[in-house]
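Can you make the complete structure from the sequences, with help from the hints?
Heads up: the protein sequence lines correspond to chains D and W, in order.
According to the working numbering, the stretch in the first sequence is residues 1 to 141, in order.
According to the working numbering, the stretch in the second sequence is residues 1 to 442, in order.
Some hints here could point you the wrong way.
Below, a list of computed lysine to any residue pairs in the SDA-like style, where the Cα atoms sit at most 25 Å apart [stated by the list, open to error]:
#1 W:Lys79 - W:Glu121
#2 W:Lys400 - D:Glu62
#3 W:Lys400 - D:Phe42
#4 W:Lys416 - D:Arg16
#5 D:Lys14 - W:Ala364
#6 W:Lys135 - W:Gly161
#7 W:Lys349 - W:Ser370
#8 D:Lys13 - W:Gly397
#9 W:Lys401 - D:Ser66
#10 D:Lys4 - W:Asn315
#11 W:Lys400 - D:Asn12
#12 D:Lys14 - W:Glu379
#13 D:Lys61 - W:Leu396
#14 D:Lys56 - W:Phe441
#15 W:Lys340 - W:Thr418
#16 W:Lys400 - W:Ile436
#17 W:Lys74 - W:Phe441
#18 D:Lys19 - W:Leu396
Because the hints were derived from the structure by calculation, they are not lab data.
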Amino acid sequence: MAIKQLSVFLENKKGRLWKSLNTLKSENIDIRALSIADTSEFGILRMIVSDPEKAKSLLEKEFAVSLAEVLAIEVEDQPGGLEAALALLNDNDVNVEYIYAFVEKKTSKALVVLRTEDNDLSLKLLKENGFSVVEDEAYTI
Amino acid sequence: MTKFKEEDVYIFNPERECMSREDLKELQLRRLKKVVKYAYDNVPFYHNLYDEAGVKPGDIKTLEDIQLLPFITKDDLRKTYPFDLQAAPKEDWVEVHSTSGTTGIPTVAAYTKKDIGIWGECTARGLASVGVHKKDIVNVAYGFGLFTGGHGAQYGAQKIGALAVPMSSGNTQKQMNFLKDFPADFLCCTPSYALYLAESFEKAGMDPKAIPLKGGLYGAEMWTEEIRQKLENKFGISAQNIYGLTEVIGPGVSTECHIKEGMHIAEDHFYPEIIDPKTLEVLPEGTEGEIVFTTLTKTGMPVIRYRTKDITSINYEKCKCGRTTARMSRITGRSDDMLKVKGVIVFPKQIEEVIMSMDELSPAYQIIVSRPGTLDEIEVQVEIDQANFSDSLINLGEFKKTIAKKIKEAIGIGVKVTLAEPFSLPRSEGKAVRVIDQRDFS
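Put into structure tokens, the structure is as follows:
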């Protein structure tokens with residue numbers, strides 16, 4: 001199943017990234033994975049956090065925030081580990097919108113966050129082909 | 001300024017441009033009386049306006065009596081669109097010009113043959129001030145068409161007997177080829193286009209000084225001494241200012257001589273006043289305020305006490321060049337919020353209307369006008385909030401494009417849309433600063 005990702009709109013201005021993370025820290029929200037997609041004028045901060053609903057309600061007082069469903073999968077932490085998952089999606093014509101890695105590492109596996117144009121199909125394909133998909137509960141404490 | 005020769009410049013109409021202030025005032029009063037009666041008798045708008053104000057043409061006995069007459073504004077010109085302010089019979093009209101009308105209703109003015117003659121006379125005075133003679137070629141790179149810029153300069157050149165090249169603006173490669181292959185002696189265009197041309201030559205590996213130009217008459221937008229210095233250094237020629245507006249006649253209402261201490265108003269045709277835009281009181285000589293014009297001789301569409309909204313001051317002292325006509329300083333601003341961007345008139349309200357019409361946008365916005373290189377740019381900042389935030393860069397990019405497209409449809413020129421965080425822009429309540437003009441006109 002999919003997990004919830006928190007996205008925050010940030011202007012490319014000094015202190016904005018810090019301010020958003022400071023807001024999360026003040027309520028003891030843990031960040032499990034994080035990426036920033038940036039353009040010359042703004043960025044989108046994407047995160048997997050311990051309590052996405054709470055994080056959203058905290059941040060939206062000051063920031064534009066949204067929750068989206070993404071997949072988190074385990075891949076082998078070795079050359080070709082991630083490639084195998086992407087090959088599967090590619091063979092099935094599923095386009096990946098973005099991808100980023102988790103901060104932490106679980107045993108010998110690496111964790112990546114994936115957003116594709118068809119999350120349900122991707123989930124089904126990955127599961128059927130033996131990839132371990134992280135369940136919601138495990139990453140939202 | 002290597003190529004400027006003082007002996008090249010001359011006074012086109014010394015009888016008028018150098019007449020004594022007493023004689024000029026007498027001429028102005030005679031013409032003022034005539035135009036007020038002419039407008040009152042032939043234009044129902046003026047008839048009603050003056051009746052309501054309780055003033056009759058016969059009440060004008062001195063030049064100061066002009067203050068008995070109410071002002072007119074662009075709104076009055078809109079209300080009388082298209083031709084209800086015309087005084088001359090339709091069969092006498094020979095040409096029509098118009099503002100771009102991006103603000104809604106354009107201002108349309110029909111000219112009689114006499115008006116075209118006056119116009120040519122006025123721009124000829126300006127061209128003579130830069131040194132245009134009968135043997136010369138004048139490249140007119142103002143826009144032609146309904147816009148007054150191109151035609152005004154052409155009529156002036158032709159009045160002198162010079163050859164006018166109606167180049168128009170825009171096709172820069174062709175313009176560069178023309179200036180090289182069919183060398184003009186003088187260039188007339190907006191100062192920002194002249195700078196752009198200079199840069200285009202430099203990019204093509206050519207020194208703009210190599211172009212055998214002798215002088216430039218630039219206008220149709222606000223510019224500064226710094227831009228003048230730049231233009232004079234780049235082309236190695238004198239850069240002089242020309243001012244005008246469609247409502248009055250077009251370019252040539254005032255033109256700068258080589259002394260460059262203000263633009264000589266063609267006072268025998270246009271009577272200037274400086275007012276306080278708030279109290280509407282006429283201000284003493286030399287004070288900065290809004291300039292108001294009365295056309296003394298125009299027969300097609302006479303305007304009487306027309307508020308230009310342009311901020312300037314007037315100096316009545318005789319100029320070192322010998323002319324006695326009053327000189328207005330550079331336009332330093334506007335008494336309303338009109339912006340002139342890339343030569344196009346833009347009111348912030350037009351942009352606001354687009355933003356307000358989009359439900360997905362918050363009503364907060366900011367407009368930033370700048371001139372990063374030689375050309376103007378408008379940046380419109382809007383807010384991203386819970387309602388319109390998309391996690392996808394592609395969607396946000398498309399969102400910006402949609403807004404930019406709608407604004408372009410409204411104002412006629414392209415803008416750069418940027419996205420700001422929620423609550424970061426000034427709100428509509430109170431005196432929010434919605435427009436930041438970073439161009440320096442002071």
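*Go through the numbered hints given earlier and state which of them the structure violates, listing their numbers in rising order.*
Result: hints 1, 10 and 14 break, sorted rising.
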